[in-house]
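Asker: Protein chains in written order, with our numbering: chain A, 8 to 374; chain B, 8 to 374; chain C, 8 to 374; chain D, 8 to 374.
If you are wondering where the hints come from, they were derived from the structure by calculation, not from laboratory data.
Keep in mind the model is a prediction, meaning the values are calculated, not measured.
Treat each hint with caution, since some may be false.
Repeated chains share a single entry, so a pair holds when one copy, or any two copies, can fit it.
To be verified - Okay, derived cross-link-like pairs now, SDA-like style, lysine to any residue, Cα gap no bigger than 20 Å in a straight line:
#: 1; residue 1: Lys273; residue 2: Asn328
#: 2; residue 1: Lys313; residue 2: Ser261
#: 3; residue 1: Lys82; residue 2: Gly123
#: 4; residue 1: Lys179; residue 2: Gly277
#: 5; residue 1: Lys183; residue 2: Thr155
#: 6; residue 1: Lys183; residue 2: Gly69
#: 7; residue 1: Lys179; residue 2: Thr283
#: 8; residue 1: Lys313; residue 2: Met262
#: 9; residue 1: Lys28; residue 2: Leu153
#: 10; residue 1: Lys272; residue 2: Gln258
#: 11; residue 1: Lys28; residue 2: Arg93
#: 12; residue 1: Lys28; residue 2: Val71
#: 13; residue 1: Lys28; residue 2: Asp70
#: 14; residue 1: Lys28; residue 2: Gln49
#: 15; residue 1: Lys28; residue 2: Ser73
#: 16; residue 1: Lys330; residue 2: Asp274
#: 17; residue 1: Lys28; residue 2: Ile74
#: 18; residue 1: Lys175; residue 2: Gly123
#: 19; residue 1: Lys373; residue 2: Gly156
4 protein chains.
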Amino acid sequence: MAGSSFGNLFRVTTWGESHGKGLGVVVDGCPAGLNVDEELIQKFLNRRKPGSNPYGTPRKEGDVVSILSGIFEGKTTGTPISMIVRNESQKSSDYSEIASYYRPGHADYTFDMKYGFRDYRGGGRSSGRETIGRVSAGAIAKAILLETGISVMAYTKSIGPVSIDYSKCDEKSIEKSALYMPDLEASQLAEQYLNEKMGENDSVGGVVECIIKGLPAGIGSPVFDKLDANLGKAVMSIGAVKGFEVGSGFQAASMCGSVNNDGFKKDANGLVIKETNHAGGILGGISDGSEIILRAAFKPTPSIAKTQSTVNKDGEEIEINVKGRHDPIVVPRAVVVVESMVAITLVDMLFENMSSQMRYIKNFYKD
Amino acid sequence: MAGSSFGNLFRVTTWGESHGKGLGVVVDGCPAGLNVDEELIQKFLNRRKPGSNPYGTPRKEGDVVSILSGIFEGKTTGTPISMIVRNESQKSSDYSEIASYYRPGHADYTFDMKYGFRDYRGGGRSSGRETIGRVSAGAIAKAILLETGISVMAYTKSIGPVSIDYSKCDEKSIEKSALYMPDLEASQLAEQYLNEKMGENDSVGGVVECIIKGLPAGIGSPVFDKLDANLGKAVMSIGAVKGFEVGSGFQAASMCGSVNNDGFKKDANGLVIKETNHAGGILGGISDGSEIILRAAFKPTPSIAKTQSTVNKDGEEIEINVKGRHDPIVVPRAVVVVESMVAITLVDMLFENMSSQMRYIKNFYKD
Amino acid sequence: MAGSSFGNLFRVTTWGESHGKGLGVVVDGCPAGLNVDEELIQKFLNRRKPGSNPYGTPRKEGDVVSILSGIFEGKTTGTPISMIVRNESQKSSDYSEIASYYRPGHADYTFDMKYGFRDYRGGGRSSGRETIGRVSAGAIAKAILLETGISVMAYTKSIGPVSIDYSKCDEKSIEKSALYMPDLEASQLAEQYLNEKMGENDSVGGVVECIIKGLPAGIGSPVFDKLDANLGKAVMSIGAVKGFEVGSGFQAASMCGSVNNDGFKKDANGLVIKETNHAGGILGGISDGSEIILRAAFKPTPSIAKTQSTVNKDGEEIEINVKGRHDPIVVPRAVVVVESMVAITLVDMLFENMSSQMRYIKNFYKD
Amino acid sequence: MAGSSFGNLFRVTTWGESHGKGLGVVVDGCPAGLNVDEELIQKFLNRRKPGSNPYGTPRKEGDVVSILSGIFEGKTTGTPISMIVRNESQKSSDYSEIASYYRPGHADYTFDMKYGFRDYRGGGRSSGRETIGRVSAGAIAKAILLETGISVMAYTKSIGPVSIDYSKCDEKSIEKSALYMPDLEASQLAEQYLNEKMGENDSVGGVVECIIKGLPAGIGSPVFDKLDANLGKAVMSIGAVKGFEVGSGFQAASMCGSVNNDGFKKDANGLVIKETNHAGGILGGISDGSEIILRAAFKPTPSIAKTQSTVNKDGEEIEINVKGRHDPIVVPRAVVVVESMVAITLVDMLFENMSSQMRYIKNFYKD
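This is chain A alone, in the form it adopts within the complex:
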């Protein structure tokens, strides 16, 4: 099944396995005339690289991107942008053992069921390295949004039991936290918690929140291609995500209408705005001009050194300890992945919205 493409007018197709020759992406539908170079992509990719803090896997991954097509004299040409990150010499032998059993919480078993066998080296296509293509494309999507005055920013909202309130944080402190958690006190508590669990050979889950600013009202479509539905698919497609919500999200289920409804009022310039934002910036699947707020729940890293039960190739029940050095938490490195998927979705829906009114079309073609 062809499931490696995302988007319609701005379409991203990723490829590559953890321990193959490399990973990459083709971005098709990028408009001509955008300034793009490898530095722009690399900066974004570096945010998902491990090793920048003690909670990322210490494996050294260069992850150097090359742009192979679609750029001429520093600008996009309107044709597909192909990008590649070559895998450096990785010892596949490290992974030979896992060929023989199914790691709990991993896709080993389901790949075998679907395809009859699997590329077991480092998880193959289900590895976290698969996000390299998403993030490379996300860098371009964010550049397009920047030109239209739209920003997308994600951060770590919670790690295990430690959760923060963004309204009390300073966006600038995100980069100061090893965990991308912009409340530095909470960030320290979370580090303590992480260290404790690492000591127990265990792993931890967390929540990423993403905030979109500057998105005009009117983006999204009323029925199946609701803005929140497409964002939901985008975010749920990231490995390890088990939940997605917008605005008040699951809390809305226990609220009353009189509290959850956001009244309309006028701002100083006479523009219609909302008094509150329980809706998270989306009404009826269409952006309402206020901030879009969404959250993704990440499960704990499935690879743990603690003893676990499973079944091996020969059908025997065995006990295993997953070897190798693995991130005890995926959240900090996933922040940029969430940003990327959100940005890709927004660009696609911005483009589709351009033909929503007859007068737009007349303006465009009659000028």
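Use these hints to put chains B, C and D onto chain A, whose structure you have.
Answerer: Frame of chain A; chains B, C and D shown alone:
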């Protein structure tokens, strides 16, 4: 933007407004040879009809479906199945007032922003009646699943503060509860809560849980078309849904790997199964053969009689009370909508999976 | 397989069988604010109605269209436009005989092979009546094009051996010819030829040419979604079409480059134009600003009263004479179908083109 | 606009420019378990390489393919197959002149109109080298078809005025002809004609015919996704193709029904077959089990050394002679491109057909 179609091989296209001539759906890609008649669809549609309990709006809606194409001598022919539910004479005048202002929590404002104006009669395309097309198509999808041994069943998991544990319930009691809540004691508590809030001219949110049984392992695709990603889009596209989760969902974010991972073992027949099901039946975006469990968070009905602030057409800040009789909660009627969207998604992914291995293709074309 | 939709941003989904309850179409992605009413559609539909000339089947078909959704106060709302033409009481018994054998040149055999059985009444989904949905959608597409200064006009270029040269014709005389052949002398010759073949219980093929004026340069995409590729699919998808060509078409295959190449020059206003138009207005899959010229070859109507050999249900070789009154030629009625499919394709590609340059996007969202 | 992908279940996405870093393709939806290696692809690619005969451009192009993903231990894994052909050091300076004017018959002008500027080096994305991605994917598609007993074979049917009748040819002699024209006498005449035109600094067009054997009846869909419509798009999307036809094609337009209809009869095994094959193996958009026959008309190579008129960047009318060594005809090298696009289309439609009947689905999931 063309956002009224869902699915790829099994494609559902809905149309219609609350107070137009009718609402309908075209189901394209339904295989030939399935027994389908209007009774099958009607039975499903009746589950979303209001008036069967005191918590549904007492407006009388016949909602009688007609099949217009795609069936010959009681069987599907493989060509598109067009279905229509005519709107009965509804007094549009009831809605004339809401033409002049934006109802909080509704899509009035965002439709105006997107399209320049709106069909204000009863919410037009953003009305809950839009789900008639989804449910009509869902009835067909469920019939296909039934033939392949797969069941999809949704129920009310929580209403406001009242929540139930499905493992302690009896599936057969769903229909006995006016709220489709299969713990009759809890159902009564929820009714009390609802009555209280109705007395306060307020509305209430809730959670719908859906359980899929019999789905073979191997369904879904590893990257963007993950089973949970497509289910997420399907469910998030239902009006009033603000959150979606699979398995342990948002709770996974505060769990440790050693708890959240599901160990593999063997059942009595020597088949590989899981010891627990925190994954909710999906690993790496692909079904693992155990039950799929997902949840949708519904916000409280936005139409409430309580006084609310908003802005009218002339740009004046006003106070309004939304008139007319509205459901104080959408959840019980939404149960069948969730089931429908889940079933539609599953059928599509089952079909796409049929070409996942070369030996399947050889078997198919060499027989 | 879901094959009843065409287009991406402007998406047309048709349904219905010749002798079912009716035929219809859902047009999704039509921009808001376009004036559309039933009269606009009906006028277009009437051009495909039989009975207006002696060469159309004399069956009376009312073919009255109803618009069921997507229009409010005379304007499109941006939501899907559903249209239906009810079939009038047709005696299915007329067709009972053809249930038992495969008509040569028809889809009877291939439907049975694909679906296991078929709706044999009047050809079911493979009937020429299937074009009702295409033409209803085409009327809307042409209205959008009209607003942007683009015209699409098709006519009968040849019938059997009688062929005309459009450059020597007057567009206004199309409607004066019973065969939509704007060279009235040739039209009379063609009528004589048709009468002769009808007398022999035979049928005749022909060529429809379509000319697009006012299309700006830059429409279409360089690789798979070339303008001519998408037009090719659109036109080849019309029943009975066996060939498609653009500009010099098949003749180009026997031409030299020095003749077939169109030199560029400047017009009186200093704009770049071409000296000739062998390219038919498309270079590298993208419109070049000159007229688009394309042709479709229609095979002779397969239903003929002449004796033919075939095989019946019981596997016996038999001789048949197809009864009923059938068009001896499909071309004149197909003229509006070609126009419709071309218009639908153009609208889709116009919309997609709106995000081809970064400066367009900035202009759109920064204004 | 995202127009670099083709196909639905078997989806091919190409990228790359003539003088960029390389060209490539991502093949998504290839089933797991197919034997694929670089030799298989290279063999196919070599058929489009220039230099094997005097009528191909003598530029040396290595065109060595690397497979970057999707293969494990010699077999496809079901995940995307990424392939790349690096461009060897090409002197872009050769092309600096063409940056300043529009070559007649090329896409220079239309790219500028669409994107605002263009990568002028060697035609950029509109170069014939763009077909490298198509052919690499085609090699995989043909391998899938081979496993299901389906063959696709194309050859040169005509060059300028020299045309051959395949029924009188021997398939094995295709490779013996420098022009892939399996009538060696005609091939020599065509060579003489080509030499003559090359001497006049001119170029020549031609026709490629493609024959599909072993395709079961029932492939294709009745309305927009007719087999011939999808093949039409596939073939029309190849650069320089100006016309497409199936079976009797444009000749059908001047035939009578009694001649063009193919009667049904029984073969020695009692199976239903056709007496003739004017339909070219497709009835109502669905394969009928006989040979599929289609043709593509290629225009003469637009790059000619003969003097031509055009307009330069400064808006001056100038005369040019296109320098560099160019193929005097594209047809022989295009034979494998036609084969590739046809094979890709067939694989996609074979996969989609697998869910056309309810009993197929039950067989698949109940076994």
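Asker: With reference to the structure, classify each hint as holding or not holding.
Answerer: Structure-based check of all given hints:
1. Lys273 with Asn328: between (60 Å within a copy, 19 Å between copies)
2. Lys313 with Ser261: So Lys313 and Ser261 pass the 20 Å test across copies only (18 Å; inside, 37 Å).
3. Lys82 with Gly123: Classified as between: cross-chain Cα gap 11 Å, same-chain 44 Å, threshold 20 Å.
4. Lys179 with Gly277: The answer is neither: 31 Å in one copy and 54 Å across copies each exceed 20 Å.
5. Lys183 with Thr155: Classified as neither: same-chain Cα gap 28 Å, cross-chain 53 Å, threshold 20 Å.
6. Lys183 with Gly69: For Lys183 and Gly69, neither the intra-copy (22 Å) nor the inter-copy (50 Å) Cα distance is at most 20 Å.
7. Lys179 with Thr283: For Lys179 and Thr283, the Cα distance exceeds 20 Å both inside one copy (24 Å) and across copies (42 Å).
8. Lys313 with Met262: between (40 Å within a copy, 15 Å between copies)
9. Lys28 with Leu153: neither (33 Å within a copy, 28 Å between copies)
10. Lys272 with Gln258: Neither: 24 Å inside a chain and 36 Å across chains, both beyond 20 Å.
11. Lys28 with Arg93: The answer is both: 6 Å in one copy and 15 Å across copies each meet 20 Å.
12. Lys28 with Val71: both (13 Å within a copy, 16 Å between copies)
13. Lys28 with Asp70: Both, since 12 Å and 19 Å are each at most 20 Å.
14. Lys28 with Gln49: Classified as both; 19 Å inside a copy, 18 Å across copies.
15. Lys28 with Ser73: both (14 Å within a copy, 10 Å between copies)
16. Lys330 with Asp274: Answer is neither: 58 Å inside a copy and 27 Å across each miss the 20 Å cutoff.
17. Lys28 with Ile74: Intra 16 Å, inter 8 Å, cutoff 20 Å: intra and inter.
18. Lys175 with Gly123: neither (51 Å within a copy, 37 Å between copies)
19. Lys373 with Gly156: between (26 Å within a copy, 8 Å between copies)
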